[in-house]
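2 protein chains.
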Amino acid sequence: MFSSLRPMPAEFHVFDTTLRDGSQQEGLSLSVSDKLAIAGLLDELGVGFIEGGWPGANPADTSFFAAMADGALTLKNAELVCFGFTRRVGMRAADDPLTAALRESHAPVACLVAKSHDRHVTQALRTTLRENLDMITDTVSHLRAEGQRVFVDCEHFFDGYAANPAYALEVVQTAAAAGAEVVVLCDTNGGTLPPWVSEIVTATAETGVPLGIHAHNDTGCAVANTLAAVDAGAMHVQGTVNGYGERTGNAELISVIANLELKYGWPVLPAGSLGEATRLAHEIAEVTNAPSSARQPYVGLSSFAHKAGLHASAIKVDPNLYQHIDPGLVGNDMRMLVSDMAGRANIQIKGEELGFDLSDREIAARITDRVKDAEATGYTYEAADASFELLLRRELDQLPTYFSVQSWRVFTQSAHNRLGVPETDTECTVRLTAKGQSQRVVGEGNGPVNALDHALRNALLPAYPGVGRFELIDYRVRILDQGHGSDATVRVLIQTTDGMRAWTTVGVGQNIVEASWEALSDAYLYGLIHAEEPGSDTGRLPSTEQVHA
Amino acid sequence: MFSSLRPMPAEFHVFDTTLRDGSQQEGLSLSVSDKLAIAGLLDELGVGFIEGGWPGANPADTSFFAAMADGALTLKNAELVCFGFTRRVGMRAADDPLTAALRESHAPVACLVAKSHDRHVTQALRTTLRENLDMITDTVSHLRAEGQRVFVDCEHFFDGYAANPAYALEVVQTAAAAGAEVVVLCDTNGGTLPPWVSEIVTATAETGVPLGIHAHNDTGCAVANTLAAVDAGAMHVQGTVNGYGERTGNAELISVIANLELKYGWPVLPAGSLGEATRLAHEIAEVTNAPSSARQPYVGLSSFAHKAGLHASAIKVDPNLYQHIDPGLVGNDMRMLVSDMAGRANIQIKGEELGFDLSDREIAARITDRVKDAEATGYTYEAADASFELLLRRELDQLPTYFSVQSWRVFTQSAHNRLGVPETDTECTVRLTAKGQSQRVVGEGNGPVNALDHALRNALLPAYPGVGRFELIDYRVRILDQGHGSDATVRVLIQTTDGMRAWTTVGVGQNIVEASWEALSDAYLYGLIHAEEPGSDTGRLPSTEQVHA
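In order, the protein sequence lines correspond to chains A and B.
Using numbering that gives the first Met the number 0, the letters of the first sequence correspond one by one to residues 0 to 548.
Using numbering that gives the first Met the number 0, the letters of the second sequence correspond one by one to residues 0 to 548.
Keep in mind that the hints were calculated from the coordinates and are not lab data.
Please note: incorrect hints may appear among the correct ones.
Said to hold, decoys possible - Non-contacting residues of chain B with respect to chain A, defined by C-beta distances greater than 10 Å in every case (computed):
id, residue
1, Lys-75
2, Glu-78
3, Ala-93
4, Pro-209
5, Phe-355
6, Arg-369
7, Leu-460
To be verified - Where chain B lies over chain A, by a calculated footprint (3+ residues, C-beta under 8 Å):
id, segment
8, 214-224
9, 292-304
Because the structure is a prediction, the values reported are computed rather than measured.
Quick reminder that beta carbons are idealized off the backbone N, C-alpha and C, glycines included.
The following block holds chain A by itself, in its conformation from the complex (with noise of 0.2 Å):
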């Protein structure tokens, strides 16, 4: 219905740079084995071509392109690129070390960044703009008579184009006539808005050059820059998966295919794949250590969850009426907050989503009485499922008794050494019964809580070794009533693994410890009651969890 589709180009590449673009983070760093694993989960994916690194200029992009030519990893479906500049001022590209090293990296394709904005050539490269052109010319053809494919990225485009279109057109008429597939217009500062990425890439279009868009987020446009020229005839799009790179980041190129896949209806990506997404784009980011956010766009973890009450009842006569798209074609899940803004078919569906029958009216009353009732001391289940389905088993005479626990204490003391400086210690001791034997543990830690962690494990482990692989993975605290000091209520949220699944438990009180241990405790319950069930140890994690393991 809307005039603005055309029809999918009969080529149309889908470029990931998350290696090169998307590694400049602040705090991203990849190894080669993280270079090779993602390598591997984008091939997956499906793009058609992974920008690698930049070989000769970082050892360790020098090692990944290596690794790749030795067998490290074979590609199913995308293409290897080597980045690289045009050769030096001054220099033959045949005599420059640094195009020896893109022609010898065995990427098929190399991409060469090439300045188009008038000031940079004569400012940050420090040559005329004759000498700049002479560079592409140069180092396209020497490549392409080398046997590579050559894409030329061109660096401050639309910048450069708003200062001088005249020099900017040549640049891409340049490397274009020198032999390069795909001219790729870049918004290195991220400063373009879309109606002026349509503009400029619509004007560029005419000199009939096959185009790409490099876009960055820094006005929060990023998605819509790329999808604007493409509109406008751009045939290759690139972006970062989870949208990593300098600054506030590249376009997030799962965002991109999915709008292309699902709203304009073209087959970016090999047919299948884009029911991976989700979990790729997790996985990815458990190697970059660099978590997504809940909030990303189709593959985030709230990506389709509602907390709305006043949804819920109509989410249950049509779940289409409230969401944009089926979560599961980027294998995503709607997901039912349980909040104290929710009702009764709230919490119904969320029972049923963790198996539980709560079709009786009677009983799902009283637990959504329960629920708002610990909602309103501070309890939140919307993160802590695992403790919602404690309250669930509680209330419907489901909970089974793994170990009790007679006293805890916990110890902390700061004196002064012998050379004058505090040092602070922390020990406390668990007593409890498992298994009808009683353990009396004493723990260590940096910290109340993590001494409790070690101590209740301790306890645990010659009832139920299973225990050994549980591992807490993140903590968090959140002060609910600030402005009331140091006697305010705290609640705690507790993220555990074990190595298979991921759970979150919460506990809330005025006092700190006493809150951790709430949820200390009911980590080590849930992980038990479902370390016993048939097949755990093969289980692939709950859908609704998936994506913090």
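For this one, chain A is given, so just place chain B on it according to the hints.
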């Protein structure tokens, strides 16, 4: 130069819905005092409208409007807006208690949500298309007659227009005819792309009704969709600070504002306000405890951070070659990632603000290094001015000794009482010397920090009776390296008042009790230093901290 830019409309609304739609975000839960604090910060940002919540439906929201009516906060720039639905099916607006709650909220503006998608009327609301129009007319005209300004949010407008454009337009015209000042087109499910927003807003604008836009980020295009609507004629933009909101969140309001101010050249905020945007976005994130992304456009910690070595030398030539705006325009800073946020110039300015002479370059450089080292381990001095002053005094040998602590210890235990109910008890001991007198004092409390606070106060009272006026008014904990489980590093911020002024101190460590002790003892030390200043009893709260007080 861009043909798409139109002149700024004579009337233009910046409408913030952080407190209403933003609070639908998973994991976000705002108390009345949180809402008051955020409303103050939004007013300082200079938005025109603050949607505070849904009185009558949500007890915390009802209390927030009551507190605002009682003068808990006086807005300087913004109008307060209450949110609600059109009256219920088959009832008169005058008789609907939810409509009464809007009328009685004392908010000068009501924003009513109305269905505009035919299937939502028949399947979710389960009434006729005619009755839905009557509900709009009845509710709008009732509230207008009672003296409120009324905006109408058309829920699911874009999907509704796609399914049944005639009905969607009839809803817009009905709302305007009944007296709605602005009709806001909502992309409730967030699935619409910018060219489609453009097409539909253009068509709807032909009605002549003043239009607004409310976008969600499900396709990664919320900011672009908002701008597309503005380009097509909208004169009212809705969004949330930090993009908070259900699923993928709402349009990030500061990105929208900065794009309009800096790219369009439209003065949509009071003069000078935009320069506070970075600070205000981060202070709002402190209140919600939902950290904003380092990659957030304009205000993110990384948004003007440069890592690429290849840029570094050119940035020295002209920083504007590598940034799309001057970061100072939004109160942010360019950062080279080899160095740290705090530059020497900053520290000199800040030191002078506090009354210290840091003109000696060597001293300033040494202090800058100390700040960098401390920030690298997790300290933050942006929020903790008092700890920064103590650091300065320590480096300048101007730190008086009011007390010296020999040791402290704290003990928490939980055991079953005679009724079999676990009972928790916390006790601590502090040993210190003040004015030559040795003190060993025991303290009790709800938790370890509360107990230490009581003991420290009691130990200092004999020597310094003034500490009796000190009161801890805020205590915050942030886990710095989430994902490390219970041995993560934590940062504690403590705010203290003596009834006249408030100050904030920071402590960092793996042991939460130790980090709290650091912030706590520094809070007493800072208070004692300033208790002896002439005129300290008449001091004002520092402006950046009063909003939390």
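- Query: Where does the structure disagree with the numbered hints, that is, which hint numbers, in rising order?
  - Reply: none
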